[in-house]
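Q: Take a look at the letters that make up each chain.
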Amino acid sequence: MLIFKLAYRNIKGAGIRTWLNVVVLSLAFVLIIFSQGMIDGMNEQIITTMQDTEIGGGQYWHHLFDPYDQFTIEDGHGELPVKLQELVNKRLATPMLWVPGSIFPDRRVQAVVLKGIDVDQTIIQLPSDKLKINDKNIIPALIGTRMAKQTKLKIGDFVTARWRDKDGTFDATDVKIVHIMSTLAPRMDSQQIWLPISTLRQMIDGKGHATVLTLKKDIGPVPIVDKWIHRDLNYLLKEIRALIKSKRVSTLIFYGILFGMGLLAIFDTQVLAIFHRKKEIGTLMALGMGRWSVISLFTLEGSLHGVLAYLLGAIYGVPLLVYTSTTGIPLPEITDEMGIAMGSTLYTRYGIPVLLATMLILFLTVVFISFLPTKSIVKLKPTDALRGKMA
Amino acid sequence: MQDTLINIHNLSKHYSIGGGQFSALKNVDLKINAGDFMGLVGPSGSGKTTLLNVIGALDSPSEGSVEVLKLKIENISAKQAAKLRKEKLGFIFQTYNLLPVYNVYENIEFPLLLLQLSSTQRKDLVMQALEWVGLLDKVKSKPAQLSGGECQRVAIARAMVKKPQVVLADEPTANLDARNSHNILQTMEKLNQLLGTTFIFATHDAKVIGYLKRKVTLIDGRVEEDITLPPRGPQC
Ligand SMILES: Nc1ncnc2c1ncn2[C@@H]1O[C@H](COP(=O)(O)OP(=O)(O)OP(=O)(O)O)[C@@H](O)[C@H]1O
Ligand SMILES: [Mg+2]
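Just so you know, the sequences run in chain order U and E. For the first sequence, position 297 (counting from the first letter as 1) is numbered 297 according to the numbering used here, and the numbering increases by one without interruption. Residues are numbered in the numbering used here as their position in the second sequence, beginning at 1, plus a constant of 1000.
These are computed hints drawn from the structure, not numbers from a lab. Idealized CB from N, CA, C, for every residue including glycine. Careful, some of the hints might be misleading.
Only pairs whose alpha carbons sit at most 30 Å apart, straight line, appear in this in silico DSSO-like list of lysine-lysine [stated by the list, open to error]: (1) E/Lys1079 to U/Lys381; (2) U/Lys375 to E/Lys1138; (3) U/Lys216 to E/Lys1026; (4) U/Lys375 to E/Lys1072; (5) E/Lys1083 to U/Lys381; (6) U/Lys279 to E/Lys1070; (7) E/Lys1140 to U/Lys379; (8) U/Lys379 to E/Lys1070; (9) E/Lys1163 to U/Lys375; (10) E/Lys1083 to U/Lys12; (11) U/Lys279 to E/Lys1138; (12) E/Lys1072 to U/Lys278; (13) U/Lys207 to U/Lys166; (14) U/Lys381 to E/Lys1026; (15) E/Lys1026 to U/Lys5; (16) E/Lys1088 to U/Lys279; (17) U/Lys12 to E/Lys1138; (18) U/Lys5 to E/Lys1072.
Over the 10 Å line for every Cβ pair with chain E, so calculated as not near, a few chain U residues [said to hold, decoys possible]: (19) Pro140; (20) Leu233; (21) Leu264; (22) Leu360.
Can you build the whole structure from these sequences, using the hints too?
A: Here it is in structure tokens:
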């Protein structure tokens, strides 16, 4: 208790230098914790958004389908096996059919993927019900806002779509844009045009065909079937998770440098303090304070910077953390261009165990850095210290 | 016969400087009894501070033996030395060595904090010490705001506040005017008589010498003279 009292007195008397250290350190503390929360929030949000708008609770892929190879898309579809059709009938899954093709907006040609979707599906957030129209002579089409911008298509426009049929010969028809949707997922928008799956199946003469079967979110165990590969969430989220991870590493490196600067400032303060306060150290020893008490005192003084930094950080950090986790941070368009779907507002997320562990690790680092320079006290002779001389 | 409190036998203290050696103390033999009021006098550089430091276990003997309150300084651990200083000794430094961020009250209180006395006990003792040195009006001042003489009085109060068995006083009056010097010396004399506190001074000051019961003269690190002084006549 004595040591606490003395350390508090000393640090109180030390003035501006203390506060500079405390400010830098508190910035580092708050930013590290904030960036953790930001990345965790981003992580969570990207994944939920992706599940809601794209991948549901996982997918089945036709065994010839490879999303990265345009040529396989053409052949990567087939009839759904019975077991999977049962899932569709139970409304636990919805099929999608992908057909590469072109459209001719404004007499220009643009490569697209024609995508068929069940107009009654509720598995993913896509307004497929807008494709329900009464006019049998019109093929309704749905596009996203990004696609509308790329092609300058408007609601009510007709556009010619071309694709290859079963025999490989070109076929074409006009489709009418009945709705322009705004979706969080660029991958459901750019360069694609959505049609009712029944129509698209007729267009390619592929009864019951599908490329991808998207499962309902939180679906339980799923059957193993021939020629259809189950892609679970781990597989589908692998890329995005790697991206988030690399982002986390680079962000933490950035704030780690800031933290390092805070630590350096404390280290420097400690070294200087011990150098300048030789005489004081000698006095403390002459008055009967043990060496280890003196070391504890100086270590504690350094560590108090950490405590004050947390207190100061709490003053502006807690409102910041609360605000960004409830009201959220508006996001610039840039995440959209990166092909990441996560909405226009980011909500930060803080897990209590992670938060406490981070705070503890940061604090222990401060304690260690405060302790390091005090080692020289051990070698100090009281008589030399009393005269303020270096050991 | 009085108790021997400090027994110094054949003490030498060498310092290595450059390539050679310098002896600050040479074959010193000295017995100091409980209740002594003695002074080490001698020219500058004669080894007075060095001897006080060895007695206070701040420095170790190069040769010989020094026994302080039954502890052999040459064998003592740093921890034991700290305990000895904390519980039994009071230091008054030539250079005051006040703690700069503490105010007068806190500086004087410090040894009592180390002894873990209660706050009421501390307060009583600090107030008494402030009275001895006449600094009741400067309680809240920081050392930087004090004159040299005031600093010295704080240093004296700090050494005596815990009423230690032995006070080691290095030039305690160097910066004091005559009135303050006499006041403080009289307080010390009173403590010596009432509590049996042993005082060991290092001094050139004739005022201090006037109060001494015993005077040891050091020259070039040797004891040149060791005399008992007659008691002073009554003050008028
Ligand atoms: N750490 C040291 N290294 C080398 N020489 C030292 C050291 N400490 C003291 N000395 C030398 O020992 C001698 C005695 O020093 P000391 O401080 O004991 O003298 P003193 O009698 O107290 O003098 P003063 O009256 O000026 O205070 C001096 O010549 C001094 O230079
Ligand atoms: Mg001296």
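Q: Hint by hint, say whether it matches the structure.
A: Taking the hints in turn, this is what the structure says about them:
1. E/Lys1079 to U/Lys381: Since the Cα atoms of E/Lys1079 and U/Lys381 sit roughly 13 Å apart, the hinted pair holds (cutoff 30 Å).
2. U/Lys375 to E/Lys1138: Measuring from Cα to Cα gives roughly 37 Å; hence the hint is violated.
3. U/Lys216 to E/Lys1026: violated (96 Å)
4. U/Lys375 to E/Lys1072: holds (27 Å)
5. E/Lys1083 to U/Lys381: At roughly 16 Å apart (the allowed maximum being 30 Å), U/Lys381 and E/Lys1083 satisfy the hint.
6. U/Lys279 to E/Lys1070: holds (29 Å)
7. E/Lys1140 to U/Lys379: violated (35 Å)
8. U/Lys379 to E/Lys1070: holds (27 Å)
9. E/Lys1163 to U/Lys375: violated (33 Å)
10. E/Lys1083 to U/Lys12: holds (28 Å)
11. U/Lys279 to E/Lys1138: holds (23 Å)
12. E/Lys1072 to U/Lys278: The hint holds at about 27 Å.
13. U/Lys207 to U/Lys166: The hint holds at about 12 Å.
14. U/Lys381 to E/Lys1026: Roughly 21 Å between the alpha carbons, so the hint for U/Lys381 and E/Lys1026 holds.
15. E/Lys1026 to U/Lys5: violated (43 Å)
16. E/Lys1088 to U/Lys279: holds (22 Å)
17. U/Lys12 to E/Lys1138: Cα-Cα ~20 Å, so holds.
18. U/Lys5 to E/Lys1072: violated (33 Å)
19. Pro140: holds (81 Å)
20. Leu233: holds (60 Å)
21. Leu264: The assertion about U/Leu264 holds, with a minimum of 24 Å to chain E.
22. Leu360: holds (30 Å)
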